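Line by line, the protein sequences are chains A and B. Residues 30 to 366 in our numbering are what the first sequence spells out, letter by letter. Residues 319 to 513 in our numbering are what the second sequence spells out, letter by letter.
Bear in mind the hints are in silico, worked out from the structure with no lab data behind them. One thing to keep in mind: the hints can contain errors.
Said to hold, decoys possible - Within a straight-line C-alpha distance of at most 20 Å, the following computed EDC-like cross-link-like pairs (lysine to aspartate or glutamate) qualify:
| no. | chain 1 | residue 1 | chain 2 | residue 2 |
| --- | --- | --- | --- | --- |
| 1 | A | Lys282 | A | Glu246 |
| 2 | A | Lys109 | B | Glu435 |
| 3 | A | Lys109 | B | Asp359 |
| 4 | A | Lys113 | B | Asp376 |
| 5 | B | Lys477 | A | Asp61 |
| 6 | B | Lys343 | A | Asp104 |
| 7 | A | Lys282 | A | Asp258 |
| 8 | A | Lys113 | B | Asp361 |
| 9 | B | Lys485 | B | Glu462 |
| 10 | B | Lys377 | B | Asp361 |
| 11 | A | Lys113 | B | Glu339 |
| 12 | A | Lys216 | A | Asp177 |
| 13 | A | Lys205 | B | Glu462 |
| 14 | B | Lys404 | B | Glu462 |
| 15 | A | Lys241 | A | Asp215 |
| 16 | B | Lys485 | A | Glu88 |
| 17 | B | Lys347 | A | Asp104 |
| 18 | B | Lys493 | A | Glu246 |
| 19 | A | Lys109 | B | Glu462 |
| 20 | A | Lys113 | B | Asp379 |
| 21 | A | Lys291 | A | Glu314 |
| 22 | A | Lys109 | B | Glu449 |
| 23 | B | Lys488 | A | Glu88 |
| 24 | B | Lys477 | A | Asp47 |
| 25 | A | Lys113 | B | Asp334 |
Keep in mind it's a predicted model, so treat the numbers as computed, not measured.
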Amino acid sequence: MNKDIHTDPGGPYGIHEDLLVKYLLGETSPDDNARVEAWLAADAANRHFYNHFQLIWRESRHLGDNANAADDQTDAAWQKFRQKIHRPAHLQAVKDAPVRMTRPIWVKIAAAALLAASITGIVYLAKGPAPDRQLASTTAPLNDTLPDGSLITLNKQSDIRYPANFNKQRTVQLLKGEAFFKIASDKEKPFKVYTDNVTITVLGTSFNVRNKGNATEIIVESGLIRVTDSIHDVLVHPSEKLILHRGDTSLTKEAATSQLYKYYRTREFICDNTPLPQLAASLEEAYDVKIVVDPSLSHLQINTVFRNLSLEQILKIIEQTFGIRATSAGSQYILQP
Amino acid sequence: MEFTDATIIQLLKRRDETGFEQVFKSYFKNLYRYAFTILQDHDQAEDIVQNVFYKLWDKMDSLHLQDSLAAYLYRAVYNESLNHLKHKKVRLTYQTYITRSMKDQTDGAHRKVMFSELERRLQTAINELPEQCRTIFQLSRFEELRYLDIAQRLGISVKTVENQMGKALKILRVKLVDYLPFIVLLLLNILNHRP
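Work out the full structure, taking the sequences as your base and the hints as a guide.
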């Protein structure tokens, strides 16, 4: 058990554990990755050592299983707490007194230790960090420039957060929705985008991230990005589309043949042999409507670009192209033969 | 948006119940989960977290935070939980719990037994980590926070988070190394069968 790490035959040579752990958690820069990967490839013993870290990391997760408190539990706990603090003073004294008397000496020792710990505890930075900046769109897409000069387009109902010292730490959290990034190149400082389950490390590039429902979809337009989560570590090239599903270890990489996803940035619906149901799904999202496509029409494919048109105009063109009917009822449209 | 620590402490000192509610609600889930990883018991975990908040409310006027509120809360939950384990001899109950839950496993029974043994040792080893190291490991593992978020939450540098995470894994590995080699083989087999 008490093996000295330095003499441990499985221990690392020429690499620091901090870096290995960073790599394991997807916190490393591209240069770091190259170093770690070379080290891993150099010797089976190195790989074995790293596997230990991986295993400990994965297994430790299970300790927290079944521990997720539901929101209503938090509310119930707060109510319970409120009752406790609002109990009239005289009642509180009576009720608490016997407890205090039977409270063993160790409680006092623990309390003293706790106090001592908080007094002598490591002195952290005196003032808290500056609050994060937030950028959110409501009913329309939003264009903005980040402090480092990178361009961002948020689809509507999307939300990002980044630190106040962004120029030092180029990290963006996509809290919800979808965004397109065109990154200002800076080899010294990697640009990272976090969603709740995935980390994207940018190697000078432009790409689209969509974090909706149970999946994160990433499409690269130029350059190269690295996507990591607790299990995977994947490079994504231009015209590739990566899909990761939450709560599922599988991931899909496919050719990004459709350019439809760009609509919120370019105001163009680019259809290139696009199946009608797929176009309908994008229109639903863009115009906040429901569009039902009759199953008999789902094989239809469309080749065109709708530029700056209203939904009614687009539907008119679809009607004429295929000789079908679009009828509306409230915010719902039905496409049928 | 979260409040900064300074704002929160101002609110707490004024005994502002709405402010306290914010703090309670934003930390409860995670502290509860933290206590659960130590105690493996839902009711006890909740009691511990309630106590920690009660003490905070009680001695708010005299509260001097040397570090962040998050660090304070995690430390308090940890100390209370361990005291609970030590002095109420819950360890015994915990053993029973593990044995029982092992019996409950019908599928992949052998693997489960192996992993439960590793998990039990892991849990002990995590609880024995030095304080800062343990809190950072917990935030990274169970709240799945990135280094940057941990650094901000605890008011420390990202570099410190890096060092402490490296240290945590290093210590855990040394403590568990006798149990790992065989399990690694087993695990790799399982992983290789994944799509």
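Hints, one by one, checked against the model:
As the CA atoms of Lys282/A and Glu246/A are separated by approximately 10 Å, the hinted pair is consistent with the 20 Å bound. Taken as a hint, the Lys109/A and Glu435/B pair is broken in the structure, with Cα atoms around 36 Å apart against an allowance of 20 Å. A distance of roughly 19 Å separates the Cα atoms of Lys109/A and Asp359/B; the hinted pair therefore holds under the 20 Å criterion. Restraint check for Lys113/A and Asp376/B: satisfied, since their Cα atoms lie roughly 11 Å apart, inside the 20 Å limit.
Among the hinted pairs, Lys477/B with Asp61/A is consistent with the structure: their alpha-carbon atoms are about 15 Å apart, no more than 20 Å. A hinted pair counts as satisfied when its Cα atoms are at most 20 Å apart, and Lys343/B with Asp104/A qualifies at roughly 8 Å. Straight-line distance between C-alpha atoms of Lys282/A and Asp258/A comes to about 15 Å, which keeps the hinted pair within the 20 Å bound. A C-alpha spacing of about 17 Å is found between Lys113/A and Asp361/B, which places the hinted pair at or below 20 Å, so the restraint holds.
With a CA separation close to 18 Å, the supplied pair Lys485/B and Glu462/B stays within the 20 Å bound. Between the alpha carbons of Lys377/B and Asp361/B the distance comes to roughly 25 Å, so the proposed pair goes past 20 Å and is violated. Of the pairs offered as hints, the one joining Lys113/A and Glu339/B holds, with about 13 Å between alpha carbons and a cut-off of 20 Å not exceeded. Restraint check: the Cα-Cα separation between Lys216/A and Asp177/A comes to about 13 Å, which is no more than 20 Å; the hinted pair holds.
Taking the CA atoms of Lys205/A and Glu462/B, the gap is about 17 Å. The hint holds against a cut of 20 Å. Of the supplied pair hints, the one linking Lys404/B and Glu462/B is violated, its CA atoms being roughly 28 Å apart against a limit of 20 Å. Annotation: proposed proximity of Lys241/A to Asp215/A is violated, straight-line Cα distance about 29 Å (limit 20 Å). In summary, the hint linking Lys485/B to Glu88/A is supported, as the alpha carbons are separated by about 18 Å, within the 20 Å threshold.
As the CA atoms of Lys347/B and Asp104/A are separated by approximately 10 Å, the hinted pair is consistent with the 20 Å bound. At roughly 40 Å between alpha-carbon atoms, Lys493/B and Glu246/A are farther apart than 20 Å, so this suggested pair is violated. Restraint check: the Cα-Cα separation between Lys109/A and Glu462/B comes to about 28 Å, which exceeds 20 Å; the hinted pair is violated. Distance hint between Lys113/A and Asp379/B is fulfilled; the C-alpha atoms sit about 18 Å from each other, no more than 20 Å.
In summary, the hint linking Lys291/A to Glu314/A is supported, as the alpha carbons are separated by about 12 Å, within the 20 Å threshold. Pair hint Lys109/A plus Glu449/B does not hold up; C-alpha atoms about 30 Å apart against a cutoff of 20 Å. Straight-line distance between C-alpha atoms of Lys488/B and Glu88/A comes to about 15 Å, which keeps the hinted pair within the 20 Å bound. Between Lys477/B and Asp47/A, the direct Cα distance comes to roughly 10 Å. Compliance with the 20 Å bound is thereby established for this hinted pair.
At roughly 16 Å between alpha-carbon atoms, Lys113/A and Asp334/B fall within 20 Å of each other, so this suggested pair holds.
Checked against the numbered hints above, the structure breaks hints 2, 10, 14, 15, 18, 19 and 22 and satisfies the rest.
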